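Number of protein chains: 4
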Amino acid sequence: MIIKLEKETKESVIDAIKKMIEKEERIIVENEASDCKIIGIIGDSKDIDRNVISCMKGVIDIIDETEKYKRANRKFHPDDTIISIDEERTVGGDNLMIISGPCAVESEEQIIEIAKRVKNAGAKYLRGGVFKPRTSPYDFQGLQYEGLELLKKAREITGLKIVTEIMSTDDIELYEKEVDVIQVGSRNMQNFDLLKRLGKLNKPILLKRGLSATIEEWLMAAEYIMSEGNPNVILCERGIRTYETATRNTLDISAIPLIKKMSHLPIIVDPSHAAGIRWMIEPLSKAAVAIGADGLIIEVHNNPDKALSDGAQSVTPDMFDTIIEDIKPIATAIGRSL
Amino acid sequence: MIIKLEKETKESVIDAIKKMIEKEERIIVENEASDCKIIGIIGDSKDIDRNVISCMKGVIDIIDETEKYKRANRKFHPDDTIISIDEERTVGGDNLMIISGPCAVESEEQIIEIAKRVKNAGAKYLRGGVFKPRTSPYDFQGLQYEGLELLKKAREITGLKIVTEIMSTDDIELYEKEVDVIQVGSRNMQNFDLLKRLGKLNKPILLKRGLSATIEEWLMAAEYIMSEGNPNVILCERGIRTYETATRNTLDISAIPLIKKMSHLPIIVDPSHAAGIRWMIEPLSKAAVAIGADGLIIEVHNNPDKALSDGAQSVTPDMFDTIIEDIKPIATAIGRSL
Amino acid sequence: MIIKLEKETKESVIDAIKKMIEKEERIIVENEASDCKIIGIIGDSKDIDRNVISCMKGVIDIIDETEKYKRANRKFHPDDTIISIDEERTVGGDNLMIISGPCAVESEEQIIEIAKRVKNAGAKYLRGGVFKPRTSPYDFQGLQYEGLELLKKAREITGLKIVTEIMSTDDIELYEKEVDVIQVGSRNMQNFDLLKRLGKLNKPILLKRGLSATIEEWLMAAEYIMSEGNPNVILCERGIRTYETATRNTLDISAIPLIKKMSHLPIIVDPSHAAGIRWMIEPLSKAAVAIGADGLIIEVHNNPDKALSDGAQSVTPDMFDTIIEDIKPIATAIGRSL
Amino acid sequence: MIIKLEKETKESVIDAIKKMIEKEERIIVENEASDCKIIGIIGDSKDIDRNVISCMKGVIDIIDETEKYKRANRKFHPDDTIISIDEERTVGGDNLMIISGPCAVESEEQIIEIAKRVKNAGAKYLRGGVFKPRTSPYDFQGLQYEGLELLKKAREITGLKIVTEIMSTDDIELYEKEVDVIQVGSRNMQNFDLLKRLGKLNKPILLKRGLSATIEEWLMAAEYIMSEGNPNVILCERGIRTYETATRNTLDISAIPLIKKMSHLPIIVDPSHAAGIRWMIEPLSKAAVAIGADGLIIEVHNNPDKALSDGAQSVTPDMFDTIIEDIKPIATAIGRSL
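Chains as they are written, first to last, in numbering that gives the first Met the number 0: chain Z, 0 to 337; chain A, 0 to 337; chain S, 0 to 337; chain P, 0 to 337.
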């Protein structure tokens, strides 16, 4: 159930309504939109007296819908969420969030060189895996804590914010201190223990869609983070697993408008993992921007063919320059900027 | 095997090469590109003497690749195919092919009204099912021959070209005479008997991707048509079947750049069947144009909620006007026009 | 709506009921079960007066369910359908229908040799493709009419009934005359023109499940055949398309109990196409028999590595002997025989 | 590369071989099979001198295959792994491992009653979730530590071994002490941090297949556990995510023979999560036993319609009795027992 109230409704009225509907096993959420206030209720609301509430001063409408999630729900929070990273970076507004960098941090030289190049091209965030979730235990698992130090050095030199994936709950405190945007990988999208703990931080979380997660399961995973108190969730569509083998995954481009309809959270696109093919990053990026994605995360490597992981889907810095140039006119056409 | 020759290579040389490589069970195809001539060979080419051929006047290169299809293959036909419908309509060039109209032709009034509206908005082709492939034998199967007459009337009045699906090989002669673009539906993508017969016509064929066809199977289906002599195939991506149920199908947006890489054939997008949800047609259309699709086929109904089929995914004429307005700046941004 | 009546209900009562419920756009079906009679109604039944009907002599129950299909529906036909092929062959009863033979008929010698071997092992039906639906137009398309003659010769010599796929509506009369069980392949499961015409025959139709057909779509395809008058449909589960690439397709073993619950039609399993791997035919056959499939269709080739198609999934005659020996104790354990 | 040696090959020879092939970045594994000894090598083996090795006393064969995993690999370990739980329970041999119990532990009364019933029917293990991975944070999350105490009480009373899912690495010590078989759920199949830590225990791990994991990814997940030193992995097929919605998931029955071919690890089947439909557990169990699964894990609830989770797929104790009776003759037919 959703109760819509006039923007100027008094706190005393809201408190009175909340008192009336309070009940164990029922979750109440309160939000302010640009043109109204909202009280949302998760759980059975059969015994709530609609007549009494509808007569209260300020109540515009009572909507009887059963919603499974609330903090991530557009109905409970009509305005877009805009996450502020620092004075010059916000996510979810007119500006596109461009994250770029290698799949894995491999060396100081590598990460610094790539960081400089992608900064020049227009990226404001540096990605780079330090703990790598690899299908095989015998594959390169990342430089780990040493890699994190290299990322920090690259940040110091370039001013780029750093984005990297967390693999273990043991690293939460360290990540909270050192990392600007904490990434949850596809394989951990339903690692609820991890999600709950990240929910206790005050840090932006980049939540990648699981390999075969439905839109609803994905929003529910966001809800796990948000229900613990952290509202700063950025969703990332990275392709889903289908029968088609011509691409590594199938970019589910429809997910962007769907998420925009169902949720107020920002959503960005990872064309690198979606395609798994270098030359395809450019066209997919154009489609993502045109359809309204709030940003892109693109794998760039200074020597893709020698990359320790995901070389086939990494673009060169020169290709990255071209991609940025190619998406600009489309961004402009729909009223956004880089 | 592919033999590239200089543009001015003499016919006598080409004939000599062809004679050398001729063999039963081997298929030879000859093509002219903007900057070269090409001789392609399907089938075992182990016993062809590369040394002799490479010495012949005009031969630039011999590429030893095993290709499974040839007439639809970009390697055998480097330039984009541009299909000419009439003096003012081509498919595959700078102009987008905009096809619009109801899922099914329901009445004279309905089809004429919609045809006028979509023409005004900018469509140059009218779609409308007359033989409808319905999952259930008890659902509305279309107005059939009567419906075709109504389509013809709408064409007469508006000048729009008509696009409609063929269901039976018995109707091929009739369709050849009366229909401008013959559509092969998803369910018949591998109805090889139908494909072969359509290959004997000199008509554009709109070949929809099968519900779970791979890119390769789809191109092979095009090859069935082309190998019988009809080169006028327009591919149509309309969503694939995946586990996700939030949309009717999953639009495989990556199919567009993939097809453009692998084939020279034009490819358009059907956002209506891909999404199955009215409000989603607009964002998907924008993505399709941005990524380089050669056109769109959109279901429009003057009274979607009363439509005899697919009402939920049909837009109103007003919504269609908006879609056209919204895709224009994106088309312009990438150098195309409606 | 379903009306259940006592077994001995008089024809005059049934006629009276049918008269009462008759209406254009409403489909009525009448069936006799082992312990009752049934009148089923497809279509809107809101205006039928339940009180009047429930008072009529013999009426046991009126069930208000909206069913999408009727002739294939277990609710309208509670007893298993048993299709009689000849005096010694029935499909759907205690006996398992064992169909075996090569993917494609290749020569007289080949088909006769295989036919003898599979007959000895216990098969009662010979399969062999003569018109082959191949992904590529350049692959072997079958011996066509010549192949059919060879199948007939093999039948003459061994007494096995022949099962072969139809590709074109033009061949319907010929198949009706010459073939014992007409197969509709996966790619044509929703070739509604073909299905409707096969519905006018009085021949068993082996309807393979489409590559990504849902259970409901498959039963609806059967309904297309049955609604034209031919009740002799045998379903065949042959694996569905999923993301898993370790097998050619994924055998949907759950389809067997599901079909048994939803329909009265016999269902057999094709482990060869499901697995696409020779050694896997044996274990999949055991699972299929254990779960209650009414038969198996298995590809056998006397020289699988030289087979013109599907060699990798064809077993040798010796392996087929073993499969038959291995499934016998399981068949016995669940009260069935070969 | 795999080196096969005679059973009686001397340790000194083996040591000599190992010394010859030792190299950083190369992983060597040694195994004893019933009829030979095996040295397996993961990683590049190009520079190993085959001639020298093949001359050494005892070497039967050198097989040049590139394997991605080794400890879980049948090629490196030809005999079936049989995991010994206690004197009367082994997994992977002739006896089927029957695990049964409620989806979630709900109360002392509930778990004790169910435990007694399933023990009577023939189960030797009790399942019961105490930390529940639920899609929504607002759904019942399990009785947690209190639930574990109830499981222990049920074990004390019935003698059944307990199987329950772990959600957090923080609970590893507790689970090591208190739980007999630790379950890793589908959502955590690639939670590599968790897998690595479970690899340091000496406890059987029940590793469920991820929702859309390939067979190879699944074996690699097992390898993560095994590469840390714990060889006691039991795989569990529980259905994969496909387009088909008639069942909750699609039981991939082919996974059982595939795993048996590729690995020596035991594999059991979870028909409850695969089907998601109560009446389907029985037929799926029969297929699983017939195809060679090493056991079953079945959800049983004394009052399924009131179950706090997964009621729709839980069978009653009476239905469980029937399932056990129905699978016995099939087990007997293939030479296995309960």
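Think of the hints as simulated: they come from the structure by calculation, not from any bench. Predicted model, so just to flag it, every value in this text is computed and none were measured. Just so you know, not all the hints are guaranteed correct.
To be verified - Derived CB-CB ranges, DEER-like:
(1) P:Asp169 to Z:Lys202: 42 to 52 Å
(2) S:Met19 to A:Glu145: 38 to 48 Å
(3) S:Lys152 to A:Arg49: 31 to 41 Å
(4) Z:Trp278 to S:Gly310: 27 to 37 Å
Stated by the list, open to error - Below, computed lysine-lysine pairings styled on BS3-like, alpha-carbon distance capped at 25 Å:
(5) S:Lys305 to S:Lys327
(6) S:Lys260 to P:Lys327
(7) A:Lys67 to S:Lys305
(8) A:Lys67 to A:Lys9
(9) Z:Lys327 to A:Lys327
(10) A:Lys327 to A:Lys305
(11) A:Lys305 to S:Lys74
(12) Z:Lys305 to P:Lys327
(13) S:Lys327 to A:Lys195
(14) A:Lys22 to S:Lys305
(15) P:Lys74 to P:Lys115
(16) Z:Lys260 to A:Lys327
(17) P:Lys259 to S:Lys327
(18) Z:Lys259 to A:Lys195
(19) Z:Lys67 to Z:Lys9
(20) P:Lys45 to Z:Lys22
For each residue, glycine too, the CB sits at the ideal point set by N, CA and C.
Hints, verified against the model:
{"no.": "1", "hint": "P:Asp169 to Z:Lys202: 42 to 52 Å", "result": "violated (21 Å)"}
{"no.": "2", "hint": "S:Met19 to A:Glu145: 38 to 48 Å", "result": "violated (33 Å)"}
{"no.": "3", "hint": "S:Lys152 to A:Arg49: 31 to 41 Å", "result": "violated (46 Å)"}
{"no.": "4", "hint": "Z:Trp278 to S:Gly310: 27 to 37 Å", "result": "holds (36 Å)"}
{"no.": "5", "hint": "S:Lys305 to S:Lys327", "result": "violated (30 Å)"}
{"no.": "6", "hint": "S:Lys260 to P:Lys327", "result": "holds (23 Å)"}
{"no.": "7", "hint": "A:Lys67 to S:Lys305", "result": "holds (20 Å)"}
{"no.": "8", "hint": "A:Lys67 to A:Lys9", "result": "violated (28 Å)"}
{"no.": "9", "hint": "Z:Lys327 to A:Lys327", "result": "holds (16 Å)"}
{"no.": "10", "hint": "A:Lys327 to A:Lys305", "result": "violated (30 Å)"}
{"no.": "11", "hint": "A:Lys305 to S:Lys74", "result": "violated (31 Å)"}
{"no.": "12", "hint": "Z:Lys305 to P:Lys327", "result": "violated (56 Å)"}
{"no.": "13", "hint": "S:Lys327 to A:Lys195", "result": "violated (44 Å)"}
{"no.": "14", "hint": "A:Lys22 to S:Lys305", "result": "holds (22 Å)"}
{"no.": "15", "hint": "P:Lys74 to P:Lys115", "result": "violated (42 Å)"}
{"no.": "16", "hint": "Z:Lys260 to A:Lys327", "result": "holds (23 Å)"}
{"no.": "17", "hint": "P:Lys259 to S:Lys327", "result": "holds (22 Å)"}
{"no.": "18", "hint": "Z:Lys259 to A:Lys195", "result": "violated (44 Å)"}
{"no.": "19", "hint": "Z:Lys67 to Z:Lys9", "result": "violated (28 Å)"}
{"no.": "20", "hint": "P:Lys45 to Z:Lys22", "result": "violated (69 Å)"}
Hints 1, 2, 3, 5, 8, 10, 11, 12, 13, 15, 18, 19 and 20, counting from the list given before, are not met by this structure.
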